[in-house]
Amino acid sequence: MKETAWLVATLVVALALAAAAQTVTVTDTTGHAVTVEQPVERIASAYGIGTYYVYALGAGDRLVAAWFVGVKSAAQAPASLRAMEPRLDTLLRAGDPNVEDLAAQGTDLVLADAAQYAAVAGPMSDLGVPTLILGPETAQGVVDTALLLGAILGEEAQARADALAAEFTRVYGKAAVAATATPAGSRPRVLFLGTSLSSVASGAMYQTQLIEAAGGVSVSADLVGSWNTVNLEQVLVWSPDVIVIAPYGNVTVESITESADWQSVRAVRARRVFKMPRVFGTMDTPLPESLLGVEWLTAALYPDRALFDVRSDAIAFYQAYYGYALSTEEADAFLVP
Amino acid sequence: MTPARRRALSIALLSLPVALAFAALFVGRYGNGVGAAFHSVFSAGADETLRALILRVRLPRTLAALFVGANLSVAGAVLQGLFRNPLVDSRILGVSSGAAFGACLAILLTGSALAVQVSAFAFALLAVAVVLAVGWRLGATPLALLLVGIAVSAFFDALLGLVKYVADPLSKLPAITYWLLGGLHASRWSNLVPLVAISGTGLGILFLIRWRLNVLTLNDEEAASLGVRVRALRISVVVVASLLVATSVAQAGMIGWIGLVIPHVARAWVGSDHVHLVPASAALGGAVLVVLDTIARTALPGEIPLGILTGLLGVPAFVLLLVGYVRARGGTR
Amino acid sequence: MKLEARDLSYAYPHGPPCLHGVSLAAGPEGVTFLLGANGSGKSTLLACLAGTRTPTAGDVRIDGISLRSLIPRERAKRIGVVPQFPDAAFAYSVEDTVGLGRAPYVGLFSRPGREDRRVVERAIESVGLGRLRHRSMAHLSGGERQLVWIARGLAQGAGCLLLDEPTAHLDPCHEQDVFAAVGELAAGGATFVVASHHPETALLYGTHVAFLRDGTVVRSGPAQEAITPDALLQAYGMEFAILTGLAGERAVVPTRTARQEPPSVSA
Numbered sequence: 013m014k015e016t017a018w019l020v021a022t023l024v025v026a027l028a029l030a031a032a033a034q035t036v037t038v039t040d041t042t043g044h045a046v047t048v049e050q051p052v053e054r055i056a057s058a059y060g061i062g063t064y065y066v067y068a069l070g071a072g073d074r075l076v077a078a079w080f081v082g083v084k085s086a087a088q089a090p091a092s093l094r095a096m097e098p099r100l101d102t103l104l105r106a107g108d109p110n111v112e113d114l115a116a117q118g119t120d121l122v123l124a125d126a127a128q129y130a131a132v133a134g135p136m137s138d139l140g141v142p143t144l145i146l147g148p149e150t151a152q153g154v155v156d157t158a159l160l161l162g163a164i165l166g167e168e169a170q171a172r173a174d175a176l177a178a179e180f181t182r183v184y185g186k187a188a189v190a191a192t193a194t195p196a197g198s199r200p201r202v203l204f205l206g207t208s209l210s211s212v213a214s215g216a217m218y219q220t221q222l223i224e225a226a227g228g229v230s231v232s233a234d235l236v237g238s239w240n241t242v243n244l245e246q247v248l249v250w251s252p253d254v255i256v257i258a259p260y261g262n263v264t265v266e267s268i269t270e271s272a273d274w275q276s277v278r279a280v281r282a283r284r285v286f287k288m289p290r291v292f293g294t295m296d297t298p299l300p301e302s303l304l305g306v307e308w309l310t311a312a313l314y315p316d317r318a319l320f321d322v323r324s325d326a327i328a329f330y331q332a333y334y335g336y337a338l339s340t341e342e343a344d345a346f347l348v349p
Numbered sequence: 026m027t028p029a030r031r032r033a034l035s036i037a038l039l040s041l042p043v044a045l046a047f048a049a050l051f052v053g054r055y056g057n058g059v060g061a062a063f064h065s066v067f068s069a070g071a072d073e074t075l076r077a078l079i080l081r082v083r084l085p086r087t088l089a090a091l092f093v094g095a096n097l098s099v100a101g102a103v104l105q106g107l108f109r110n111p112l113v114d115s116r117i118l119g120v121s122s123g124a125a126f127g128a129c130l131a132i133l134l135t136g137s138a139l140a141v142q143v144s145a146f147a148f149a150l151l152a153v154a155v156v157l158a159v160g161w162r163l164g165a166t167p168l169a170l171l172l173v174g175i176a177v178s179a180f181f182d183a184l185l186g187l188v189k190y191v192a193d194p195l196s197k198l199p200a201i202t203y204w205l206l207g208g209l210h211a212s213r214w215s216n217l218v219p220l221v222a223i224s225g226t227g228l229g230i231l232f233l234i235r236w237r238l239n240v241l242t243l244n245d246e247e248a249a250s251l252g253v254r255v256r257a258l259r260i261s262v263v264v265v266a267s268l269l270v271a272t273s274v275a276q277a278g279m280i281g282w283i284g285l286v287i288p289h290v291a292r293a294w295v296g297s298d299h300v301h302l303v304p305a306s307a308a309l310g311g312a313v314l315v316v317l318d319t320i321a322r323t324a325l326p327g328e329i330p331l332g333i334l335t336g337l338l339g340v341p342a343f344v345l346l347l348v349g350y351v352r353a354r355g356g357t358r
Numbered sequence: 043m044k045l046e047a048r049d050l051s052y053a054y055p056h057g058p059p060c061l062h063g064v065s066l067a068a069g070p071e072g073v074t075f076l077l078g079a080n081g082s083g084k085s086t087l088l089a090c091l092a093g094t095r096t097p098t099a100g101d102v103r104i105d106g107i108s109l110r111s112l113i114p115r116e117r118a119k120r121i122g123v124v125p126q127f128p129d130a131a132f133a134y135s136v137e138d139t140v141g142l143g144r145a146p147y148v149g150l151f152s153r154p155g156r157e158d159r160r161v162v163e164r165a166i167e168s169v170g171l172g173r174l175r176h177r178s179m180a181h182l183s184g185g186e187r188q189l190v191w192i193a194r195g196l197a198q199g200a201g202c203l204l205l206d207e208p209t210a211h212l213d214p215c216h217e218q219d220v221f222a223a224v225g226e227l228a229a230g231g232a233t234f235v236v237a238s239h240h241p242e243t244a245l246l247y248g249t250h251v252a253f254l255r256d257g258t259v260v261r262s263g264p265a266q267e268a269i270t271p272d273a274l275l276q277a278y279g280m281e282f283a284i285l286t287g288l289a290g291e292r293a294v295v296p297t298r299t300a301r302q303e304p305p306s307v308s309a
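Protein chains in written order, with the working numbering: chain A, 13 to 349; chain B, 26 to 358; chain C, 43 to 309.
In isolation and in its complexed conformation, chain A is listed as follows:
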């Protein structure tokens, strides 16, 4: 009896070891080949944007340390984020990654962007932990990042990544068809404002891509860099048809529509000033939920077309990918007035 028990135990151990010896090799966004041992149990996401992908792919419970874009302290976290992630206080990190902290958490995979990579990859690889560089900048990049993570985070993650890719294809395809139906000259001209009344997005930014995907034209497309400061005079020169305000920051629709100075702007006279909704991730950043950003923008730019049922799609999206049920208020925010 004892010998049989020992034999079974040895077999089980051997099988376990064999399973543990499984690895997946992927190529990250910089072309590095990274070998990741399976399964990945303890993820440290030092890339504030990448963290949301981990949640969307259903691996959020495997995070041990996470940076969240736009949330530098627990006090800054929106209530919805807290509801989605009850462990927020223990998970939340900010500033430069502390290698000892990550090691203490027993991390077996680190996600980083190009800025953090240099600091973190070297020491972590000395400890035998791989670092994956991410940095989506386009819609294709969003899909590729999801698929990349899906490949290393297990079957369920893979399935979700595939589903997300299919969603992107559907939404972008539908929007593109509708956009090409409008000649270039009559597409709505859009001004995308950031965190102040004088801060506008440049042509190189993701926001401009979203506008174009939704069938609009960004008035500030020829500006370079990131956020630019312009004065009211320039806004008048551009004469946008629609003004969209970023989902973060203090600028409200009222601060524009009720400002005497802005009354001369066409978009304000036509009452087409909108603020992007936000649940936790921001839809104008290269996150999975930027998909909803395109849907919402098409509704804002082409209110008569009703291409998408944004509200229902939002509820379904957050439930499917984040396991989060939108409240009525949050869902209504996706309706364009």
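Some hints here could point you the wrong way.
These stretches of chain B come out as covered by chain A in the derived footprint (C-beta under 8 Å, 3 or more residues) [to be verified]:
no. : stretch
1   : 50 to 59
2   : 195 to 206
3   : 210 to 219
The set of hints was computed from the structure by calculation and includes no laboratory data.
As the structure is a computational prediction, the values presented were derived from the model and not from experiment.
Glycine is no exception: its CB is placed at the ideal position from the N, C-alpha and C atoms.
Starting from the structure of chain A, add chains B and C where the hints point.
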């Protein structure tokens, strides 16, 4: 210089900023040129948007440029005399660093434009208070004030570094960086009142006592032998000059080189006598900043930060001045 | 004007005593020389006489009025000072520099008026610099600059002028110019007190002298009588001979013997 020539020069200098400010109202990216702009203001029924733009946006901004330029230049001029050092800038007493920290702290914690202005001004006053309190105990000599000013500057610079470190790179840090580069695009009639009130008072006081400021350029013993209460006068000048700088920084962010270069140009034209130097610095400073601000808001679609323009123009101007200075004196002293 | 020091003592804050019981009278009229080695307290005494330093004991009186009872402005209207190292960071014109002398008369919010300008004009003329009134100070010779500062003192309306080593950096020619002007003004009623460490100038241009050593007055009196080899030995610790030239001009010349004791330094 004969009195007649001096009078002509004074009139020219004092009308320069007024003329330039007037012209600036009709220059901008919007509209079909200067003629149309002129038309819109002075004839009825013309382009309403343009008129609103000129009266509500360009006019307060141009006024702000006039005052900020005058403030920084006069503050620089009187501080140069007070410290008996032609290399002094209006930033020397830590006022600017305090204001910068206050403004960026407000950007970090709130984001309300009013809070930024108030906070900038409050911390600027705090900086001055510290400099005067500690400097007084050290005898309130120019050297004492200078050293404490350097220390206070460094302290607030460090605090500013901390603010930048904790700021959210998405929403706060760009705003902070942009504010630090200086600009007048936020100037509206509503927020102009403190600037005008403080500038008017401060410039007025310095204008009235401008002859006595000449006595401050003598060393302490000489000035005392002329019966002037040096410490009291010096402290008053420091307070007024600091107020001018504080309100300017609160309005326009960090603008350097104006306080250093403009007084030198003014000195080259009207001499070192503060009776002529103070008004000339004010006029020249206002004129230059109006021109630079007009460039800042017109040359490119995006706003060019004023601090960049003053630096790009100020540094070569300073070098040229220095070369001229040295040549006129026949070599460095 | 008569300037008197009575039993003056001065010690630097947290420092050793500098002057001990100095009593001195200068004026009315005349040029009183303060002579002594470096560190004997001449500049400090001058500062106390000017009222820019407050003596720790004793009193200074101008025409009988104690300096302590005068506010700075009133004191400035009586006593003018030409310091040892006037520095000028900025180049003012002669007119503007002399014009600063009107500070005691000009209100805080005012500028010099027509009367002030007349006084300035007269002061510049009285030192013979009328033709240079618009010249920048940077373009004057050392001697001319000294005259400008003397004129500033006159513009103050001061009856008593204190000069701290005015000709230390001047060549004999300019020195003569300065003291010629000083002599003329003294003859016209002004009182001068000149600190110098060159006894020969005192002999040539002074009416009275006071010798200082280690912060006390060791000898004083009319210049021609009080300047003796003995007094010089006491003040400088060195031997001098007083020579008379063929035309009656007198000179002070150090003899070649070694010094008897080194002059002490009071910090």
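Each hint, compared with the structure:
Counting residues of the stretch 50 to 59 of chain B whose C-beta sits closer than 8 Å to any C-beta of chain A gives 3, which meets the bar of three, so the coverage hint holds. With a cut-off of 8 Å between beta carbons, the stretch 195 to 206 of chain B has 6 residues touching chain A; three or more are needed, and the interface restraint holds. Taking a C-beta to C-beta cut-off of 8 Å, the stretch 210 to 219 of chain B contributes 3 residues in contact with chain A, enough for the three needed, and the coverage statement holds.
Violated hints: none; the structure is consistent with every hint.
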